[in-house]
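Make one complex out of these two single chains by using the hints.
So the sequences go chain by chain: V and F.
6 is the number that my numbering gives to position 19 of the first sequence; each next residue is one higher, with no gaps.
237 is the number that my numbering gives to position 244 of the second sequence; each next residue is one higher, with no gaps.
Simulated from the structure, these hints should not be mistaken for lab results.
Even for Gly, the Cβ is constructed at its ideal location relative to N, Cα and C.
Don't take each hint at face value.
Short derived list, chain V residues pointing at chain F, Cβ under 10 Å [stated by the list, open to error]:
hint: 1; residue: Ile4
hint: 2; residue: Asn36
hint: 3; residue: Trp112
hint: 4; residue: Phe253
hint: 5; residue: Pro255
hint: 6; residue: Ala256
hint: 7; residue: Ala309
Calculated pairs, DSS-like style, for lysine-lysine (alpha carbon to alpha carbon, straight line, at most 27 Å) [claimed, not checked]:
hint: 8; chain 1: V; residue 1: Lys87; chain 2: V; residue 2: Lys148
hint: 9; chain 1: F; residue 1: Lys75; chain 2: F; residue 2: Lys169
hint: 10; chain 1: V; residue 1: Lys317; chain 2: F; residue 2: Lys75
hint: 11; chain 1: V; residue 1: Lys317; chain 2: F; residue 2: Lys169
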Amino acid sequence: MSANFSAIIRATVFIVIALVLCGIIFEIAGYPGIQTFDAIIDGAFLRRNALEHALRWALPLFITATGVVISFRAGYFNIGAQGQFYVGAICAAFVAEWLKGYPGAVVVPLCFVAGTAGGALWALWPGLLRLRSGADEVITTLMGNFLAGLLLVYVTAGPLKDPSGSGQQASSRPLEAAYRISTSNGVSPTIIGIAIFVGLAMWFLVNRTAFGVLSGLGGRNPTMVQWQGASVWRIGLASFLISGALAGLAGTIELMGPNGRLAGGFLPAHGFTAVLIALVAGLSITGTAIAAFFFGGLASAALYLPVIAGLPSAAIDIINAAIALFITAKSRFVDRLANIWRRPWTTS
Amino acid sequence: MDDIVIAILRSGTPLVYVALAGVIAQRSGIWHLGLEGLMITGACATIVGTVLTGSVGLSLLIAILLCALGSVLFWLVVEILKANQIIAGLGLTGLGLGGTSLAIQAIFGSQGAVSAPAGLPKIGAAFGAYGGLSVLVLAMPFIVFLTWVLLCRTRFGLRLAASGEHPFAARSVGAKPAVMRLVALVIGGAFCALAGAELAAGSLQIFSQNMTAGRGFMGFAAVIFGAGHPIWATFAALFFAIVGAIGIRAQLVFGDRIPHDLLLGLPYIATVFGIWLSARLRGGARGATGGFGELKDP
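One chain only, chain F, in its complex shape (with noise of 0.2 Å):
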């Protein structure tokens, strides 16, 4: 039992700071399809940083500050020059899957895997079979509840929401619906470095291309699936770690019956039946928003 909880936790975890990227873009107008690229950045940064310099707490400073630009850019992009958010996070998403593998590239002349001789610290012998757990397992639940105070018990939170709702509105009390969106990147930007951070760092303390392999919109999902509410997209994020891990065990149990490559599917056909859950009892994401990939102040 202790064994798949912990499965779930080291896969979960990554996809729950994603999500809350996702749900803090979302709350301030922004549909970040991006997530992926800067969460590829993050594990890229980490893992790279901690070869060049030794160092896993400088290079998790670097991840941060990389995906805080790489949100600027975004941010950019989307607010100053109005690019459609779907687009333009697919193009952020791409410049972060590329860009790492130049990166590496460039660093160690070949695109095979790195690894690197340290990992995020462990949480220690005094969780027992939780031990080999990475510190940001255990800040999760924490991150989850500050985010949770942020945006839905701060005025700032409440800001930021009307910012995305109805951006005349959030104007008229004083808020600056560009300068909310500007924070609420940046700060989604940090907890795509701490995902992609804790994915490539964690356990395995290997970086590879592509690694991420759509975590960030799975992510992204989880944030439609969750409704925007921090708490429901972090469930959501577990129940997608929950079924992948279903899907590992699976593949024990049957060994060779059930090809593997199919069982590694289901964290996606899970994603699609979440996003189909949450359109049936919802009426739809775009129900909710409005036009989709527009901000609502042109």
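Just chain V, same shape as in the assembly (with noise of 0.2 Å):
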């Protein structure tokens, strides 16, 4: 438990000094830093509904943080979680697309189906060209982003295309209201209890399956999962698709629940920010289900900014980058403080 708690120190330490980088670029800015704060809590946990409008948020991004964590723990960073969101939505909305006027019972679950194959779909080719080729998936999912945003706004303004939208942004048709798992503030039973299942499923894989253990093993030393006599390139290709199935539902429950339609370049930040969650939370499950709802009340505090405090919504996209600056920081200083209270004496 010590050891958890010395992480928990050490990650609050270098959050603080992100927040403190974040107070002094806002300080520039000619925002003046506490004040802009004082309105970035306020609009995350403390106005009416706060916890509400936090839970919105952070339903979605925790699925994809899940499959984020399991990309991870297996050493492979899959930063690619917004194309796989994206293509997850498409995938869905096509499907309900082509089965208009169907009941929702049959439509709905199918739209779940793509849109997961769909997000897994995107995970597959970086995955394969990583496993089979050695081609760095850094780079190959960072350019599967780009590609999946200009696959939507390409989708938006041609065979999805509202004819009757106007304005700048493209959008889709908007789905019938019998396929829509939630109205648009965004908490149902139904996403929640999808949240819960794959939280639920995600702890058992990674704590108590051969997988768990043999891909966390294989992301510090892959040599050590081939004595054990499994496939690396197994596990490998199966933690891809789960990271980009899980990004791929998050994808679809934006779309079934709150969007309700398909706009061009819609959460530009959502795989970012679930990248972030993952290592808040140390790549723990448990971890992201509160590290995301943290961050759930920061995104919905981007909403509210610029509408009560006159802020930028780009300053929580700066708060996001500070602590993603930071939180893979190590310093020793830090690590004597974390651990002020052991003995000095006793081993690690």
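Okay, structure coming up:
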């Protein structure tokens, strides 16, 4: 337990450093630092219905972030969650469009299958390139994000375009009400149920199965996995597919829940935030749930800030980025601080 | 024919500068995914600086200083705090993208595009049809050559490579890998500023949010494709630019028969192809470097 506690202290110290950096940036940009953070905390957790709003953002983020945990634990930097999220949403939208008119009980599950498969597919090709040829997945998944973004723009302005839509941003036709799994507030028993199911299943996968042990081992030392007689290839591919499928699932939820339609470039920071959540949580599933709620609050504050505090929503992007900059940092001084209650002669 | 070459040079020059920055960082042992963030900082500082001060030279200097500052921050995090380079680099990129959005919102009160009254100096009518290109395009081959000399033909370059490949050996001849990395990152930051300046002020004189659109990452991919060699990375960057130019050309030829957004994706596909090919030829990016995202002297 105390090892966990030190990890939490370590993370907290660096998050505070990141927030100080943000404060300096806000000050330079002419927004008073303290008041800015005050407004952000207010928008994230204290205003009316804040917890519900935080949950609306936290649930899809949690699902995507558990996928990131799975692939990072296996030692693969799949940072393509954004693209997999988009492709999942696009596939689900196509299914909903093709099966228009059929009852929701048939269409909704098929949309979920399509969305999950779409996300997995978008993780499959970087996975194959990585595992078969050794092509670095950081770059291929990043490029996959840009490609998926273009695909989304193309789909919303082309095959799925809403002809009645106006304004700068093209969007698809809205889903039929029967296919929606929540209203636009984004919190419904269905979504909460899916998130809980995913959380439990992934917790079990990571902590109670051979796959969890071997993939965690493979992330640190692939040779060990081979010595255990397991296939690095199979574990790696499964990690890619699971992480992609979960991002696709989150995309489907965003489409069929709060959004109700595809819009070009919607939720552009989702994937990056999910990566951040996984790292802040130290790649544990329980930690991911807590961190997802925190970042969900920040995401809901991003919408609230421009209206109430006159702050651009980029403020939240800056906070997220600064946390990313520092979250993997290590420092002997902070380690000493984190272990201050420990007797110096006890080992480890 | 001229207009295709001009288009390639216009879109390729920022990529080349960014790739050079990535090469210098990679040689010192740092996989620099923050290039994108530094590049957009350079682009924003050049345009906003020109609007506010009226002087392109001064704002280019400001851009270089800001990018050097960002590089020092990245160095602190990666070298002193031993953070994972990939995540910290992505953080730096996010900081650049978010920071520039915040900056134009704070200065101009809206998040729309900002256009500057003046751009980088043009190379002039003496070059005929190419006269509209900026001086940074003209300087590009010389800077590539100078970088090659610096990295491959000087004692400094050798020590830099040693700091990346075998820090203990570098230390044994008196080089300080940490300091070498700081120097490498600051030089790279200056190149990123030039890349951003060329992108924003080279021809259009406009800055808009997220205008780098992954070019920093493409520059990074050019480093891998070019095996960390300045000349080869330059060719890799130009290859991505050529594919992009072909896409734009195809748009003119095919019109609406091929969707415009999908042609825009060609450079990204070329980048994936480049990464795949270099992995095939050289047994993977990590084969050459060992641990990815970690320094070799923890």
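Hints, one by one, checked against the model:
1. Ile4: 9 Å, holds
2. Asn36: For asparagine 36/V, the interface hint is violated, since the closest Cβ of chain F sits about 26 Å away, which is over 10 Å.
3. Trp112: At about 8 Å, which falls below the 10 Å cut-off, the nearest Cβ of chain F leaves the hint on tryptophan 112/V intact, so it holds.
4. Phe253: 15 Å, violated
5. Pro255: 8 Å, holds
6. Ala256: 8 Å, holds
7. Ala309: With a minimum Cβ separation of about 6 Å from chain F (threshold 10 Å), the hint on alanine 309/V holds.
8. Lys87/V <-> Lys148/V: 15 Å, holds
9. Lys75/F <-> Lys169/F: It holds: about 16 Å lies between the C-alpha atoms, which stays within 27 Å.
10. Lys317/V <-> Lys75/F: Holds: lysine 317/V and lysine 75/F sit about 6 Å apart, inside 27 Å.
11. Lys317/V <-> Lys169/F: 21 Å, holds
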